[in-house]
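**Student:** Same order as they appear, the protein sequences are chains C and W.
Counting from 1, one number per residue, gives the positions in the first sequence under the numbering used here.
Counting from 1001, one number per residue, gives the positions in the second sequence under the numbering used here.
Hints in this document: simulated from the structure, not taken from any laboratory.
Don't take every hint at face value.
Said to hold, decoys possible - Here are some of the chain C residues that sit facing chain W, going by a computed Cβ distance under 7 Å: (1) VAL12; (2) SER84; (3) LYS88; (4) ASP101; (5) LYS105.
Heads up, the beta-carbon is just placed ideally off N, CA and C, and yes, glycines get one too.
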Amino acid sequence: MTRILIADDDTVSLRMLQRTLERADFTVISVSNGAEAAEQLCRSNGPRLALLDWEMPELDGPEVCRQVRKLRSLRHVHLVLLSSKGSKDDIVEGLESGADDYLIKPFDAGELKARLHTGLRILRLEDSLLEAREEMHYKATHDSLTLLLNRGAIFEVLGMELVRSRRDRSCTTVALGDLDHFKQINDTYGHPAGDEVLREVGRRMLSSVRPCDFVGRYGGEEFLIVMVHSSASQALKRAEEIRNAICDRPIHTPNGLISISISIGVCSSDSNTLKVEEMLNEVDRALYAAKAAGRNCCRLGSDFDEAKQACLEARSL
Amino acid sequence: MHRRNVTLWKGFRKKRRPVIEDSKYMPLDQFLNLPELLSRVENDYELVDELLHLFQIEFPRFRQMLRAELACQRLVGVEKAAHTLKGMLANLSVETGASVAAKIEAAAHARDIGTLTQELATFDREADGLLDALAVFVAGVR
C-alpha cells in the first residue's frame, strides 16, 4: 500500500481526508503542523506522496514544499497543496513554492483520488528512470563476465583511495593477479570453460578480501585488488591468502574440473607519493617478478631490486 | 462509537430535515447541505457522524482563537483563524458559514475593521444557530 502524509491543523479536515484515503487503499500518516510534515517528508524513507494544508502552525504548506525540495533531492516527493485559498495568485504561489499540484477545499473525493493516482504515475515513472540509470551505471562500471568492477572503475577507485590515503597519512596497497597459463585453458577446454574459470576466480577473490577492499578485472585474465589501510607486509600476507583461496581446489566447468594457479604482484603506497600510473607500473613489475620466480606465488614490488631486475629480464625476452 | 447516530442520519437524509422536532431551533439542514456532504464522503454515514462530533469540539476552539486574535488587534491571526474556520465549515458543507468566514478572512487581510466587525456579528449568529441545531440533533438520540 502506498504511504501518504496528510498535514492539516483542522482535525475535521484531517479525519475526512484520512478516511477517504484509507478507503482508497493508502496508508495514511497524519500530522497537524508543518514542521512535523517537513521532518517526515525529508527522511530518506519518508512517504513520497503528501497532501498539505496551506495554513498550519510552525510552517505553512508552501514553506514545507520549499524545505522538501531543498533537503530531499534523491527521490521525488509528490506534493499536493490542499487549501481553501482559491485565487489564481494563491495557486501560482503554491505551485511556485514546489508543489506539484493544487486542490481547493472542500475537496471532492473522486477528484482527489484521481489527482493522487496521477502523482503515483509520475513517481512510478521516476522510479523506472532511476532504475534504468542505476542499471546503466552498473553496466558502465562492472565487467559483464565476472561482475567485478571493470578496468575504468577500479582505476577510479585506486585514484580516490590514493588521495584518501595521502590525506589520512595511511597506506593503500594494490595487488595485480594473473592466472597462470590461462591461454592453455581456453585452448584445451574451450572459451566457455575459460569464462567459467574467470567468473569463479572473481567470486573467490571477492570472498577472500575484506568488505572494504575492491576487486576489479584489469583485463583478460588479470585482476586488480585495492586494499585500503593495508601496509606492504599485511598486503603480501593477504595476497598469499587470496592465491591459496583461488588455487586450493579445482574449478567446476561445463568441460570438467580445471585446476588453476595465479601469480600476484603487490605494491604499496607507503611513501604516499605514488600516482595511479606509477603504482600500476610498480605492481606490474612485481607481477612479472612473481611470474619469473616460477609462477603460483606472490611478490612485493619496490622493495625488491631482484624482482625489478627479473621483471626487466622477463620483458626483454 | 458513533454508530448510534447512523440510523438517524439516514432518516435525516431522506427527509432533508432532522428527525428531532424542536420549534425553538432552526433545523440542521438550514445550515448544513447533507446530501452534498454525503456525496463528498462517498455516503459514509459513520464518518459524517464522527466528523460532526469532532466539529462540536474543534469549531468552538478556533472560534475562540478568532475572538482572542481580534481582541488583541492581531489581524494576521484573525485572517488565519478565519481561514481555518472557512475550510472546516466548507468541508462539512456549511455553505453560509463558510462564506461568512471567507468575508472575515478577506476583511482582516484588507485591514477593514468596519466590515470585519459586521461580518463577525453575522458569523456569530450563524455559528450559534448551527451549534444549537447540532446539539439538539445529537441530544435527540440519547
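**Student:** Which hint numbers doesn't this structure obey?
**Tutor:** 3 and 4
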